[in-house]
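The whole structure should be built from the sequences, with the hints applied where relevant.
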Amino acid sequence: MATFSVNDQVRRVTAQGNGNLVDFNFSFQVNNTSDLKVFLGSTQKQETNDYSVVTSTGSAGLNADGTGTIRFVSAPTSSDTVVILSDVPVARSSVYSSGGNVTAQALEGDFDTITMQIGDLEEKNNRSIKAPVDEPATSSFTIPSKSARLGKLLSFNSSTGNPEVSDPAVSSASIGAVTTLGAGVSATASATYTSSTGDISFSFGIPQGSQGSAGANGVFSAIASQSEAQAGTENTKGMTPLRVSQAISTQVSASSGSRFFGIYKDSATGTLKVDQTTSGGSEALVLSEYDDNYIFASGSVTFAIDTNGHLQVTLP
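Start counting the sequence shown at 18; every next residue gets the next number (this note's numbering).
Hints are computed from structural coordinates only; laboratory data are not their basis. Each hint should be verified, as a subset may be incorrect.
[Stated by the list, open to error] Distance windows between CB atoms, simulated:
| hint | residue 1 | residue 2 | range |
| --- | --- | --- | --- |
| 1 | 109 | 63 | 22 to 30 Å |
| 2 | 205 | 254 | 23 to 31 Å |
| 3 | 75 | 108 | 25 to 33 Å |
| 4 | 138 | 75 | 29 to 37 Å |
| 5 | 76 | 156 | 47 to 55 Å |
[Stated by the list, open to error] Taking lysine-lysine and the PhoX-like style, the derived pairs with C-alpha atoms no more than 25 Å apart in a straight line are:
| hint | residue 1 | residue 2 |
| --- | --- | --- |
| 6 | 147 | 169 |
| 7 | 141 | 62 |
| 8 | 54 | 141 |
| 9 | 141 | 163 |
| 10 | 163 | 147 |
Because the structure is a prediction, the values reported are computed rather than measured. Cβ atoms here follow ideal geometry from the backbone N, Cα and C, with glycine treated the same way.
Take a look at the structure:
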């Protein structure tokens with residue numbers, strides 16, 4: 018049990034390893050070497066196996082004033098953060114009996130231990146979240162229950178500022194990956210949300226093709242041949258400008274809307290009538306039947322007089 022004055026000291030030491038240094042001093046005071054906790058990063062190390070506690074002269078144990086040195090078995094690396102922490106047990110071994118002797122040494126030891134314990138609490142409190150000194154007395158920092166917190170984020174009410182839970186929210190979005198897929202394959206898309214950061218990442222699979230997603234010929238399975246384009250019955254293949262031209266030429270030449278017309282007056286009724294040939298046909302019209310020769314044609318036609326003296330009209 019300590020019989021020395023206890024310094025007002027932060028009861029925690031942090032230092033950085035360098036791969037060579039094995040000794041790390043601590044200037045806060047403890048009663049026993051077991052009152053210390055030593056960490057490399059967040060990993061707690063064990064006395065004897067990983068380190069020992071020595072005095073300023075290298076002897077095992079603490080200095081007379083309760084300070085000392087942590088000596089590692091292996092030097093912490095440059096990536097290791099060394100943490101030496103006081104953790105004096107909240108317990109007392111001395112018992113004051115009624116009518117018994119109460120010595121100054123006993124009181125000194127107990128009060129020193131109490132002071133160390135208070136210092137440990139102060140160090141922990143300094144690492145905790147605290148409200149400002151001017152916080153309203155009505156503020157409550159009691160967090161919601163476990164069942165309410167599960168899968169939620171801890172946030173603060175927009176009016177009271179008190180703790181509450183809320184659903185995770187997206188804080189950023191990014192394109193995680195763009196994958197090239199083969200021709201004719203369906204496109205893909207996926208999203209990954211990280212609740213701890215609020216980040217959402219999208220991944221896309223994009224089919225490739227010189228003209229579209231269904232293959233090298235665009236949205237069609239193939240390009241129509243000349244015969245398919247001219248037939249005009251294929252309904253699943255694409256048409257190039259050449260195939261369109263070939264189809265139009267074939268379809269137009271296969272049919273014609275040209276006709277030959279003649280206008281005359283019906284002698285029986287006195288009404289005006291119109292005669293016409295069949296589309297694309299060749300027929301003989303008697304010129305004398307048309308009083309004023311009201312004859313006209315549509316389209317490209319040819320004319321000739323046959324052996325009977327009739328006008329022969331040929332329509333394309």
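Quick rundown of the hints versus the structure:
For the pair residue 109 and residue 63, the beta carbons lie near 26 Å from each other, so the given range of 22 to 30 Å is met. Taking 23 to 31 Å as the suggested C-beta distance range, the pair residue 205 and residue 254 conforms, at roughly 27 Å. Distance hint check: the CB atoms of residue 75 and residue 108 are about 31 Å apart, consistent with the given range 25 to 33 Å. One distance hint, 29 to 37 Å for the beta-carbon pair residue 138 and residue 75, holds here, with the actual separation near 32 Å.
At roughly 52 Å, the beta-carbon separation of residue 76 and residue 156 lies within the given 47 to 55 Å, and the hint holds. With a C-alpha separation of about 22 Å, the suggested pairing of residue 147 with residue 169 holds against the 25 Å cut-off. Between residue 141 and residue 62 the CA atoms are separated by roughly 20 Å; this keeps the pair inside 25 Å, and the hint holds. Between residue 54 and residue 141 the CA atoms are separated by roughly 14 Å; this keeps the pair inside 25 Å, and the hint holds.
Simply put, residue 141 and residue 163 have alpha-carbon atoms about 23 Å apart, close enough for the 25 Å limit, and the pair holds. For the given pair, residue 163 sits about 21 Å from residue 147 by alpha-carbon distance, which is consistent with the 25 Å threshold.
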